[in-house]
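Chemist: Listed here are the chains, written in short residue letters.
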Amino acid sequence: MDRAEISRRIEEILRDQKTLPADPIDPDTPLETFGFDSLDALNIVFALEETFKISISDDEVRDVRSLGRMVEIVEGHLQS
Amino acid sequence: MTGVGLVSPLGIGKAVNLASIRAGRPCIEPIRRFDPSAFSCRIAGQVPDSAFDGADPNLDRVSWLAVVAANEAAAEASLETLTSRERIGVVIGTGLGGADTLDTSYERLYGQGNSRLHPLSIPKIMYNAPTSAVSIRHRARGPSFAIVSACSSGTHAIGQAAMWIRAGAADCVIAGGTDAPITPGIVRAWEALRVLNTESGDPATACRPFSADRNGIVLSEGAAVFVLERLDLAMARGARILGRISGFGMSSDAAHITDPQSDGAARAMRAALDDAALSPADVVHVNAHGTGTKLNDPVETRAIRAVFGGHADRLAVSSTKSMHGHAMGASGAIEAALSLLAMNERFVPPTANLRAADPECDLDYVADGARTLEVVAFLSNSFGFGGMNAVLAITHA
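Protein sequence lines correspond, in order, to chains U and H. The numbering of the first sequence is the numbering used here, which starts it at 1 and goes up by one. The numbering of the second sequence is the numbering used here, which starts it at 81 and goes up by one.
Simulated from the structure, these hints should not be mistaken for lab results. All figures in this text were calculated on a predicted structure; none of them were measured in a lab. All residues carry an ideal CB built from backbone N, CA and C; glycine is no exception. Be careful, since some hints might not be right.
A few chain H residues that face chain U, going by a derived Cβ cut-off under 10 Å, partial list only [claimed, not checked]:
#, residue
1, P137
2, Q192
3, G193
4, P199
5, L200
6, R219
Label pairs and their computed distance ranges (CB to CB) [claimed, not checked]:
#, chain 1, residue 1, chain 2, residue 2, range
7, U, R3, H, S280, 32 to 42 Å
8, H, D354, U, V61, 37 to 47 Å
9, U, M1, H, R105, 29 to 39 Å
10, U, E75, H, A247, 56 to 66 Å
11, H, P137, U, D23, 23 to 33 Å
12, U, K53, H, P137, 14 to 24 Å
13, H, R112, U, K53, 46 to 56 Å
Over the 12 Å line for every Cβ pair with chain H, so calculated as not near, a few chain U residues [stated by the list, open to error]:
#, residue
14, D16
15, S66
16, L78
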């Protein structure tokens, strides 16, 4: 799965959680900017694990702060 | 009481619930939330699926039902106009909490062997989740907790709310009961107690409280929530008073974990009458616990006779469970709400499906359909497993 496809699927997960602007999500914008709170972040991590069949560590959970960072985490797991 | 909301197998909201009990229309159906074909009990009272349109995925069914009922009650009471939010409390009773989430999680863990559970499982399962969901949505910043006393939970919660107001702990309390126990695990667990209805005929006639041929409990789900206010403050702001919680009685059987005792039930009814300064002759109607089990119905009948003496034969005693089933911790709140709505429409709800009464059940159970009657005071009985009894005495505004 290439980086663009990972990003597209994560964007879908984010849009399932919350109604977001129609524009593409900027990879560096912090999730809080869109109104995501700590519970939303847990729901997102759960959805990432289910979608990509990966297991995200507690340390990585703390790092789930933007679309770009999530793509890196998922990509790292898929390559390993 | 300045607001009431309910969602039950009879429908969503006061109007449809009122129409159903006026028509004496039972709303028990085949279980549709899972395939019940391998179960001995295959029927239940289920709220319409549309009650969950727009439901918050972070809440279990049990909490969402409480939110639906609370929203209706709050709208009727114009709760948003109260400025002192720290004087508004919330107390919601539930017998089984987030049973659906618990069941789904266990199925995933033990059934599918998937060790990854939903991250919000704990906040969805916890018994105070319904109270919290209502508190957050209505910005109620006063006292709040949940009450757990099996089938008496909702009644205990409403009584507790009245006590908070009397004690000065709050000026306004959002109070009621909620439960959503129609899950494979919970139905199996109830089956093991052998008190569930196992008939395969017409589900509408399955629940027959006080009948000679009654065949046990029909499980159901739902919620009813009231807005209670200190009377002088409610009157000062011009709120419409729907009725008054005039008395609240509690007792424990302290005898057996599942077998009800008429002495405990009678003591709770007497305590409610004493608290309300009512004499037995003042009471026109009793919304009975009336589960339709072999044990409950004659025991409750004896308790009513013990409390009311000769006046017992003049009481209109109804079991609305015959129509909506047994919604566990929500049932007491649903029943108080139905009898309150009926009182304000000048009738008493019927006991559906009662053709030939058990000889040990010899009161007037309003078997012939809703009855036009001027009710000035009624009792709403709840007698929970564990021997926990709670009775509300409600009077006309």
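Chemist: So, for every hint listed, does it hold in this structure?
Modeler: These are the hints, each one checked on the structure:
The interface hint given for P137 (chain H) is met, as the beta carbon of that residue sits about 8 Å from the closest beta carbon of chain U, less than 10 Å. Proximity of Q192 (chain H) to chain U is violated relative to the hint, the smallest CB-CB distance being about 12 Å (cut-off 10 Å). Hint status for G193 (chain H) relative to chain U: violated, with the closest Cβ pair at about 15 Å, above 10 Å. At about 4 Å, the closest approach between the beta carbon of P199 (chain H) and any beta carbon in chain U falls short of 10 Å, and the interface hint on this residue holds.
Of the supplied interface hints, the one on L200 (chain H) holds, with its beta-carbon coming within about 6 Å of a beta-carbon of chain U, less than 10 Å. A distance limit of 10 Å between C-beta atoms decides the matter here; for R219 (chain H) the minimum to chain U is near 17 Å, and the interface restraint is violated. About 58 Å separates the C-beta atoms of R3 (chain U) and S280 (chain H), a value inconsistent with the hinted range of 32 to 42 Å. The hinted window of 37 to 47 Å between D354 (chain H) and V61 (chain U) is violated, with their beta carbons roughly 57 Å apart.
The hint said 29 to 39 Å for the Cβ distance between M1 (chain U) and R105 (chain H), and at roughly 55 Å that hint is violated. As the Cβ distance of E75 (chain U) to A247 (chain H) is approximately 60 Å, the hint placing it in 56 to 66 Å holds. Evaluation of the 23 to 33 Å hint for P137 (chain H) and D23 (chain U) yields a pass: the beta carbon distance comes to about 25 Å. Against the hinted window of 14 to 24 Å, the Cβ-Cβ separation of K53 (chain U) and P137 (chain H) comes to about 22 Å, which satisfies the hint.
R112 (chain H) and K53 (chain U) have their C-beta atoms about 32 Å apart, which leaves the hinted 46 to 56 Å range violated. D16 (chain U), annotated as away from the interface, has a beta carbon of chain H within 12 Å; the closest lies near 10 Å. The Cβ of S66 (chain U) sits about 19 Å from the closest Cβ of chain H, beyond the 12 Å cut-off, so the non-interface label holds. Chain H leaves L78 (chain U) outside its interface by the beta-carbon criterion, the shortest separation being 17 Å against a cut-off of 12 Å.
The earlier numbered hints that this structure contradicts are 2, 3, 6, 7, 8, 9, 13 and 14.
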